[in-house]
Amino acid sequence: MMNITVTISRFNPDTDEEPRMESWTVEMEEGARVLHVLDKIHTLDPTLAYRSSCHAGQCGSCAVRVNGEPALACTKEASDGMVIEPLNLPVIKDLMVDLVPGINAIPRFHSSECGTLPTLEDVSKIKPLRDCIECLSCVSVCPAMRVTDFLGPTSMRSQMRIALDPREPGNRIREAITQGLFTCTSCNRCWRVCPKNIETPGKAIEKLREIANREGLTLPRHQEVAELVRTTGRSVESGKHTFLDLVDEVIEPYGEVKREVGFFCGCMFNARLPERAMDMLEVMRHAGIRVIIPKTQVCCGSPLIRTGQTSFIDELKDKNIRAFQERGITTVMTMCAGCGATLKNDYDTPFEVKDVSEILSETGLPPLTKVPITATYHDPCHLKNGQQITREPREILVTAVDKFVEMPAYCCGSGGGVRSGMPDEAAALGELRRAEINKTGADVVVTICPFCEYHIQEHSDRPVKNLMTVLVEALGKKPTEL
Amino acid sequence: MQNQEFIRSHVLVIGSGGAGVRAAIEASGSGTCVLLSRTIVGKGGCTIMAEGGFNAVMNEADNVSDHFADTMKGGAYLNDPELVRVLTEEAPARINDLIAWGAVFDVTDSCTLCQRPFGGQCFPRTCYAGDRTGHEMMITLMERLSQTSVKVYHEISVFDLILSQGRVIGAFGLDRKGKLYVFIADATVIATGGGTRVYDISTNSTSGTGDGYAMAWRAGAELIDMEQVQFHPTGAVYPWDARGRLVTEAVRGEGGVLKNSLGERFMEKYDPDRMELSTRDVVARACATEIQEGRGTPHGGVWLDVSHLPAKQIEERLPVMLEQFLKYGVDIRTEPMEVAPTAHHIMGGLRIDPFCQTTLPGLYACGEAAGGVHGANRLGGNALAETQVFGKRAGSMAGTEPEHEINSNQEQVDSAKMMLEGYLTGDVSPDMVKFDLQRIMWHGAGIFRTKKMLEETRIALDALSRKKLKAVDPSGFISCCTTRNMIDTARLIVTGALLREESRGAHVRTDVIQDWDNQSSPFGHTILTRTGATIERRKA
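Chains as they are written, first to last, in the numbering used here: chain A, 1 to 482; chain B, 1 to 540.
If you're looking for bench data, these hints aren't it; they were derived computationally from the structure.
For each residue, glycine too, the CB sits at the ideal point set by N, CA and C.
Misleading hints may appear alongside valid ones.
Part of the chain A face toward chain B, derived, beta carbon under 10 Å [claimed, not checked]: (1) T43; (2) L44; (3) C54; (4) G57; (5) G60; (6) K76; (7) I103; (8) T116; (9) T119; (10) C132; (11) E134; (12) F351; (13) Q388.
For lysine to any residue, the following SDA-like pairs were computed, each having C-alpha atoms within a straight-line distance of at most 25 Å [as the list claims (entries may be wrong)]: (14) K127/A x R333/B; (15) K127/A x K179/B; (16) K177/B x W24/A; (17) K177/B x P13/A; (18) K179/B x P46/A; (19) K40/A x N96/B; (20) K470/B x K127/A; (21) K151/B x V100/A; (22) K177/B x N3/A; (23) K467/B x P46/A; (24) K327/B x P128/A; (25) K177/B x I92/A; (26) K127/A x P117/B; (27) K196/A x L326/B; (28) K93/A x K177/B; (29) K125/A x D517/B; (30) K179/B x D39/A; (31) K93/A x E316/B; (32) K177/B x E18/A; (33) K196/A x P336/B; (34) K151/B x S396/B; (35) K127/A x R243/B; (36) K434/B x P13/A; (37) K127/A x R176/B; (38) K196/A x K179/B; (39) K470/B x L44/A; (40) K203/A x T108/B.
Please model the entire structure based on the sequences and the hints provided.
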């Protein structure tokens with residue numbers, strides 16, 4: 001037996017102005033789940049409202065937030081000190097939220113009355129999209145749904161399942177587009193909170209966008225980007241300088257060589273923010289890391305994959321893999337979160353891929369002097385959700401600045417082709433970032449991703465800096481200016 | 001007491017598991033249909049958590065008469081043969097309905113349905129979608145339901161049927177806040193599922209509290225064979241709070257073996273021919289005996305092992321099991337599971353004819369709420385088939401009821417209100433009564449039974465039924481009503497168990513020495529009504 005103290009959000013809209021937090025300490029058996037704790041508290045206070053049915057993770061009734069993260073109460077292990085809140089959906093009472101409108105919104109398969117079986121191939125494609133238990137955890141965290149009429153991640157999952165099924169009588173891609181297919185920022189938060197681990201952005205939304213592409217329905221702005229990549233190998237037009245033109249192919253550290261990495265720079269750092277990549281090289285010189293920069297590398301293809309324009313993606317992949325493999329590179333370092341997530345999740349690489357923050361954590365930071373600022377950190381979605389990296393950048397930042405303050409992680413709106421294709425949505429999400437940044441009271445917002453940096457700078461009253469720039473300052477150097 | 005709401009429909013379906021939703025889909029073709037559920041519709045009941053599969057003759061090498069014979073034999077010949085005939089003949093058509101509606105069952109590379117062996121079958125006839133077959137069925141049914149005109153009421157708990165001149169004319173329900181709903185219909189379908197939540201260790205969802213049995217019995221319907229409670233041989237034993245959670249028979253169907261703490265494959269002693277794929281009554285007793293005799297695992301179970309199977313087979317065919325055990329720290333690809341018997345299914349229930357008509361005019365029943373299909377022991381894979389075969393029949397027959405001029409019975413409305421208001425002055429927490437009830441039933445009416453134990457259990461249940469249940473506010477009415485239904489269901493089980501002085505299928509009376517086998521038993525159904533209880537005697 002063990003004592004567990006929990007804090008539960010209580011709210012009765014009939015009588016309460018706003019939710020209040022209530023603490024309980026109960027005695028539980030080893031291995032108890034969150035639901036068992038709620039059941040125990042219910043015996044002491046029968047007015048506690050929450051849902052449960054199957055107790056086996058199959059009905060999707062009991063999703064709540066445990067320490068801020070959505071989880072099924074029946075499968076999540078209880079822990080001392082946990083905070084239990086309702087999902088971020090309209091609250092009916094206490095932990096019970098209104099699930100019915102969200103469930104009713106999910107597009108449904110149209111019965112064909114034709115009893116032919118799908119083939120084994122069809123079934124194996126559909127199955128991964130069929131596990132959804134409609135708990136709406138994904139809907140409760142989707143940033144696009146906060147600011148647009150997007151029907152939501154699980155609705156797109158359902159549309160893809162329908163698209164894959166030969167028994168569905170009609171083509172519903174136009175329906176999916178009107179339901180917001182192009183509003184998804186590919187932040188992948190839905191995938192990370194899904195109790196069934198359904199990779200909705202990669203396995204449904206991007207695949208639906210591919211279907212839209214084949215039908216000529218890709219957004220014009222996205223088509224322009226694809227054309228640019230097809231003709232130049234790059235998704236961003238070159239400015240005054242490009243990083244690859246400015247640097248040598250091998251950058252030696254100042255002292256002993258502790259490690260060697262290849263650097264995949266990505267289009268944004270190459271053409272729009274080369275200074276940040278130069279800052280990174282300075283950090284690497286101090287950290288004892290030799291950086292090799294193959295000049296034959298091209299766009300990773302992320303802007304194409306996210307928008308469903310995959311017709312020549314294999315050529316890009318081949319070029320990039322060859323660029324590093326030919327030089328015998330075994331570790332490729334990325335600095336752009338989007339490139340990193342793409343190389344890790346969409347490529348099958350013969351080398352390991354690591355984010356710059358992982359490399360620095362493993363190899364160790366050079367001696368730093370704390371910069372006298374208060375900084376907050378914006379988690380790039382393609383780093384947090386795409387690569388599940390949150391610890392390393394914080395640890396690095398904490399050693400480089402006087403004071404670090406947290407800010408809730410939320411998509412800034414720049415990903416998934418939304419900044420170019422859905423500028424109003426991207427701006428609305430950017431404004432939500434502005435509000436959160438202001439709440440922190442920080443002097444500076446630090447991030448790693450060039451897309452986030454570029455976008456948030458337009459929606460922030462504080463300067464936005466790359467983590468590498470902050471490190472250059474903490475090394476007592478001046479950040480690169482071009 | 002807040003004002004009540006009246007809802008009139010042609011057909012009222014109570015329960016949103018596989019049988020209820022199938023009945024509503026069918027009934028919607030013949031007039032207005034209301035489907036109500038104590039949960040969000042589609043999330044309740046046990047179908048959604050059913051894992052293993054759906055028995056249907058889908059292969060030319062198999063035949064319906066074999067499915068019939070397996071079901072009768074597995075049911076210890078207590079089944080109603082006419083219901084078994086319907087089940088086995090119509091199961092293939094019902095699985096084809098699901099396929100036309102978009103169900104994604106596992107298929108072979110030659111484009112036929114995959115089928116796996118389950119216990120008590122002479123042919124592998126269990127169709128499946130991995131080990132989430134019931135979930136696949138429910139999402140398919142919900143997709144189909146959304147294309148009908150059925151009016152859905154979420155989170156309404158029904159607590160009593162309404163009668164008028166001996167005819168069922170609807171039911172009383174409560175919403176979450178304790179507001180009374182009066183549903184009036186020409187035909188009412190009970191699809192409320194089972195009731196093994198009356199046991200301490202159970203596989204059932206929160207809604208497995210026997211409400212349909214209790215309401216119908218109070219309304220005067222006949223129930224049969226309520227003593228026939230299936231204990232599934234393999235329920236989880238750890239963690240303690242999740243004990244009883246189902247470990248699907250598909251684990252054994254795929255080749256899983258049972259071993260005791262000495263490493264012996266003990267089914268050799270109990271059924272050397274069928275081994276782990278013997279019928280559930282036999283396997284459950286074998287597991288219970290091994291544990292009782294001191295050959296159990298550290299957490300008081302036996303070992304169920306699939307680690308000799310290829311990891312890929314486990315990942316593809318048993319993904320839910322793999323995921324669930326991983327959450328509890330056990331990788332079933334490399335380690336054995338610890339399992340023990342758990343209360344799973346009530347074979348008994350409302351007496352129905354092949355058209356799902358109960359003995360009360362206006363009242364139909366289907367799914368686990370009905371009795372007679374499975375006799376004294378249900379074969380794995382027959383329950384999902386039952387939900388569809390009899391769900392369709394119940395919905396279709398209920399739809400054919402002529403319209404009745406119904407005057408809602410104000411006297412009954414007033415007495416329902418009075419009963420509910422009485423809970424506000426009660427003094428015992430329904431949660432506590434449930435807790436006691438579940439332990440009393442587990443110890444006194446479990447796998448092995450004696451007259452003495454059952455009589456003591458009956459006395460203990462009588463004492464519980466006299467307690468004055470307490471609702472701190474109207475939102476507590478549902479809990480009080482459910483507890484009342486659980487007590488009534490438990491008493492029905494015990495009454496049946498006392499009447500049946502023989503061991504038959506899942507019901508074992510260790511105090512009775514008998515010189516007959518299942519086929520020559522002098523006994524037929526136990527029959528329970530509000531006015532009396534009896535056991536049928538067969539002619540020699």
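Going down the list of hints, with the structure as the test:
| no. | hint | result |
| --- | --- | --- |
| 1 | T43 | holds (4 Å) |
| 2 | L44 | holds (9 Å) |
| 3 | C54 | holds (4 Å) |
| 4 | G57 | holds (7 Å) |
| 5 | G60 | holds (6 Å) |
| 6 | K76 | holds (9 Å) |
| 7 | I103 | holds (7 Å) |
| 8 | T116 | holds (8 Å) |
| 9 | T119 | holds (6 Å) |
| 10 | C132 | holds (8 Å) |
| 11 | E134 | holds (8 Å) |
| 12 | F351 | violated (27 Å) |
| 13 | Q388 | violated (18 Å) |
| 14 | K127/A x R333/B | holds (21 Å) |
| 15 | K127/A x K179/B | violated (41 Å) |
| 16 | K177/B x W24/A | holds (24 Å) |
| 17 | K177/B x P13/A | holds (12 Å) |
| 18 | K179/B x P46/A | holds (17 Å) |
| 19 | K40/A x N96/B | violated (44 Å) |
| 20 | K470/B x K127/A | violated (47 Å) |
| 21 | K151/B x V100/A | holds (14 Å) |
| 22 | K177/B x N3/A | violated (32 Å) |
| 23 | K467/B x P46/A | holds (18 Å) |
| 24 | K327/B x P128/A | holds (19 Å) |
| 25 | K177/B x I92/A | holds (11 Å) |
| 26 | K127/A x P117/B | holds (22 Å) |
| 27 | K196/A x L326/B | holds (13 Å) |
| 28 | K93/A x K177/B | holds (10 Å) |
| 29 | K125/A x D517/B | violated (50 Å) |
| 30 | K179/B x D39/A | holds (23 Å) |
| 31 | K93/A x E316/B | violated (39 Å) |
| 32 | K177/B x E18/A | holds (19 Å) |
| 33 | K196/A x P336/B | holds (23 Å) |
| 34 | K151/B x S396/B | holds (17 Å) |
| 35 | K127/A x R243/B | violated (29 Å) |
| 36 | K434/B x P13/A | violated (30 Å) |
| 37 | K127/A x R176/B | violated (35 Å) |
| 38 | K196/A x K179/B | violated (36 Å) |
| 39 | K470/B x L44/A | holds (13 Å) |
| 40 | K203/A x T108/B | holds (24 Å) |
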